[in-house]
Amino acid sequence: MTLSGAFAKASATHIALAKKAIILTDQKPLSFQQIILKLHDYWSEQGCAILQPYDMEMGAGTFHTATTLRALGPDPWNAAFVQPCRRPTDGRYGENPNRLQHYYQYQVILKPSPPDIQQLYLDSLTAIGINPMLHDIRFVEDDWESPTLGAWGLGWEVWCDGMEVTQFTYFQQMGGFDCKPVSGELTYGLERLAMYIQGVDSIYDLDYNGNGVSYGDIFLDNEKQMSEWNFEVANTETLFDLFRKATAECENCLEAKLPIPAYEQAIKASHVFNLLQARGVISVQERASYMGQVRDLAKGSCEAYMAKNGWDA
Amino acid sequence: MADFLLELLSEEIPARMQAKARADLERLFAAQLNDAGLKAADITVYSTPRRLALIAKDLPAQTEAVSDEAKGPPEGAPDQAVDGFCRKNGVTREQLEVREVKGRATYFAVINKPGRATSDVLAEAIPAIIKAFPWPKSMRWGEASLSTESLRWVRPLSGIVAILGDDLVECEIDGVTSGYETVGHRFHHDGVVTIGNAGDYAEKLRACHVLVDQAEREAIVREGAAKAASDGGLELVADEGLVVENAGLTEWPVPLLGGFDPAFLDVPEEVIQLTARVNQKYFICRDKSGKLAPNFICTANIEATDGGKAIVAGNEKVLAARLSDAKFFWELDQKTPLEDHAKKLSNIVFHEKLGTVADKVERVAKLAEWLVSLEGNGFDQSSPGDTFHREVSEAARLCKADLVTEMVGEFPDLQGLMGGYYAEKQGKSKAVANAIRDHYKPVGQGDEVPTDPVTVAVSLADKLDTLVSFFAYNMRPTGSKDPFALRRAAIAVIALLLENGIRVNLGNPLFKMTGELLLRTETSAAKESLKAYAALEPFVGRKAASDAIIVALKGSEKSPEDEGQEIVEKAGKATTALLDFFAERLKVQQREAGVRHDLIDAVFALGGEDDLVRLLARVNALQAFVETPDGGNLLAGYKRASNILKKETAEQVEAKSLSYTPEKAEKALIDALDAAQPDVTAAIAAEEFEKAMTALANLRAPIDQFFEDVTVNDSDADKREARLALLARFRAAVHQVADFSKIEG
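Top to bottom, those sequences are chains U and L.
Position 194 (the first sequence) corresponds to 194 in the working numbering; numbering is contiguous.
Position 386 (the second sequence) corresponds to 1386 in the working numbering; numbering is contiguous.
What the hints contain is simulated information worked out from the structure, not anything from laboratory work.
For glycine and all other residues, C-beta sits at the position ideal for the given N, C-alpha and C.
One or more hints might be untrue.
[Unchecked claim] Beta-carbon label-pair distances, calculated as ranges:
no., chain 1, residue 1, chain 2, residue 2, range
1, U, E95, L, E1584, 40 to 48 Å
2, L, D1035, U, N309, 53 to 61 Å
3, L, A1065, U, N309, 53 to 61 Å
4, U, K38, L, G1479, 51 to 59 Å
5, L, A1023, U, D143, 17 to 25 Å
6, L, K1335, U, D143, 52 to 60 Å
7, U, N309, L, A1485, 44 to 52 Å
Full structure from sequences and hints, please.
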């Protein structure tokens, strides 16, 4: 594609969206759910499959099979979805206005990464009411690495007026395998973005539905109870047992050449490990060994997934 | 002659990589020109977040034609040889010329390389430069990345502008083709910008809100930030690192002044500065009285339609959230006394073989207490129970407590500093707070060396413990690998000792510490032998004590005694290695001061000199001496004597009473030695090293005369033996001062 062609196309959309954004800024800011719906709309128009959240506990949207496993192999793949993320150690009993142990990421995966991916992303910001002529949007170096997934990529954190609103990554490796081709991954921090758009100082004050329901109405009790459970109550023997069982089951699946169920067990082990961390029962020395075990499960699953599909490393 | 423009357009290049990328582009381009025999009158390089560019002035239209010739075999040589010669030079047999060489008809190949169009050279050079570009990290992207062989760049490469004069230099790499088109500012300019030539490049982009010259952007950031501050009645805290970084993050920099709630100023200034600088890349400001102001300057990349109001408001919010985190940590950390924080250090592993940080702290405290209780050590008089001793002990036990605080967890760079603040808030004495704050110093050569005695004691103990620990387990620096920064620790110890004139014989404590450390993992028998060692050592010294134990343990057949012996041996080896390591570091550290490394060796080689202050005094006196004519001659005499002695297998040349009447010069040397030796010994004992040198200098004339007049290798065996003994005595006298064999020249 020639540059002028690409830009003529991009800038037409861009200008239209910018105009829309200017109108939008005069209106009431989007509610939390409207932001999600707008993003769904936008990425749907770009040809993405709009998926539902994965029905398992995980620390980041990247763990979703739609990202991790689909980043492997040669097949094109474009998808967008909301993923609830659980990070037990980030719990603050609902007392910190910026931190939760359960929050949402909006994740987009474009494979192979399209040449206009940056413009596509910027237009998505415009679609949710961020006017790039009024706000300072910047791509600041931030490379991504997940030792647990044996994955890394280069990219940026995207700043809007100094706030990180999105992680933007070109996956180079996943599960220890070179990505052929490379996927572009966009991860929006939905609560942050919403706080910014709505101009509120606490996550719990976010307008959830534009009709009187706040984020706190829905999640504050959840944060309080889950923090208490994560840090104080969770039965650690049960957790250690769960970890062992997930590990064994993952290996069982790998033996049966079933990479997807194997990968699910790896996700499970990873989350149980996070819970054990929150309970403070894993010493510094043991930590590395547990992480190594999870990494081996995840990598094993990726390897099996490649093999099952008949793809070479 | 024509000017050449190259622009490599990409997605955002990390700011920290741009300076090197410009230099690399210039270097690679110049090398390509050079290979083609071209040279530009001038090369300028630019970078913005989205582009790397280069302008080369006055390139000729063509490279010069070159004619080379090669001499071949003589006429009539075998066909094979002639054909081979043709192949090698890429000519046919018909093209060969025949010339006379020394009367023989010889084949010559004349190879004419016509001049090449510069645009052709450039069309090949551009892909070559792109492929060879040494980015610190590079990546693949897009459809082409189906293959791992696809083009790599720092971020996706999206366009190439290559224009020589007004003409396009056509080239292509991995689907990216050269053209006249580039893009302007991401938000200020829609669509493409068409460049005419190198001459209009910068101005065309300027019109599209892109300043390609990083120096211009840096000036805008520097001056704009200063102006934004002074407009607000404030003074900017200059920070050139931030200037460069912000210029690398923007194509159209616009510095803007923002503020934060003055209530945050309760938080230590360093925390505010670090938060603003590291996390947000903001400048900070001071008010007229020099106090930190509740303001910051951010650098936007757009001329916003509202003049930047929304941008400032957004950045203020981000900073406020970060500062409220910091304030929360600051207040939370203070709710727990440092003593209680310190308890949590037992959860942090210092090193798998070396226990927890709490273990280390305990070792450091004991060592610091011991150091200051030594007599005549250069510290204030101190004994257990007095204030100084108590302060050292307290500071050492609390020095690492801040590692478990929330603030240091968030900003590891603030270790020490936060501990100092918390100690002060907790009502600790100034000396204790300072020691906690500064005990990491000096960090590297040139860093400020602490002089406050409590700080010195804790800092010294901390570093000595680190050195001993890693040497005990044989984790020494090798080559360029020094993962535990032991070289820096040794340099710091040297600087602390010398700067503060602290007198301590390092050998014994190092040995004891090593032994104790190794014992942690060893058996009770080993502990017994260490106890025995400790009992013996004060009376007989380090070497004798360890020898005695080794000998005593050798009687028994096997472990656990063997283990004890092993520990003593290991500790001995580690200590020797550590002392050698100090000698090496001392040489490096003293190089700048002009102290000769061979003289340091010469004094170290005597063994037993492990007081670095005394050692250096000795080295300095020695250096002054060997650079005088007396010193030089004495050295020559010494070398001659030791050469003669070297030939003698009998190491122990014993002095006996003479069975003959000595020659005059022989007698003179004996007398001189009789006179000088006690003087040298006394002077050294009194640490009057210059006096010792003067006494040695008295030997110079007699030794010269001795070699002049006396035959050592006399046919009379008695004489020969006596004279050898005399030379050995002379050598021993000189060795009281230094091992002259190590001295160069």
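Structure-based check of all given hints:
Take E95(U) and E1584(L): their Cβ atoms lie about 54 Å apart, and the range 40 to 48 Å is violated. The beta-carbon spacing between D1035(L) and N309(U), approximately 46 Å, falls outside the hinted interval of 53 to 61 Å. The beta-carbon spacing between A1065(L) and N309(U), approximately 58 Å, falls within the hinted interval of 53 to 61 Å. The supplied range of 51 to 59 Å is met by K38(U) and G1479(L), whose beta-carbon atoms lie about 57 Å from each other.
Taking 17 to 25 Å as the suggested C-beta distance range, the pair A1023(L) and D143(U) conforms, at roughly 22 Å. Between K1335(L) and D143(U) the C-beta distance comes to about 37 Å, which lies outside the given range of 52 to 60 Å. The hint said 44 to 52 Å for the Cβ distance between N309(U) and A1485(L), and at roughly 47 Å that hint holds.
Consistency with the previously given hints fails for numbers 1, 2 and 6, ordered from lowest to highest.
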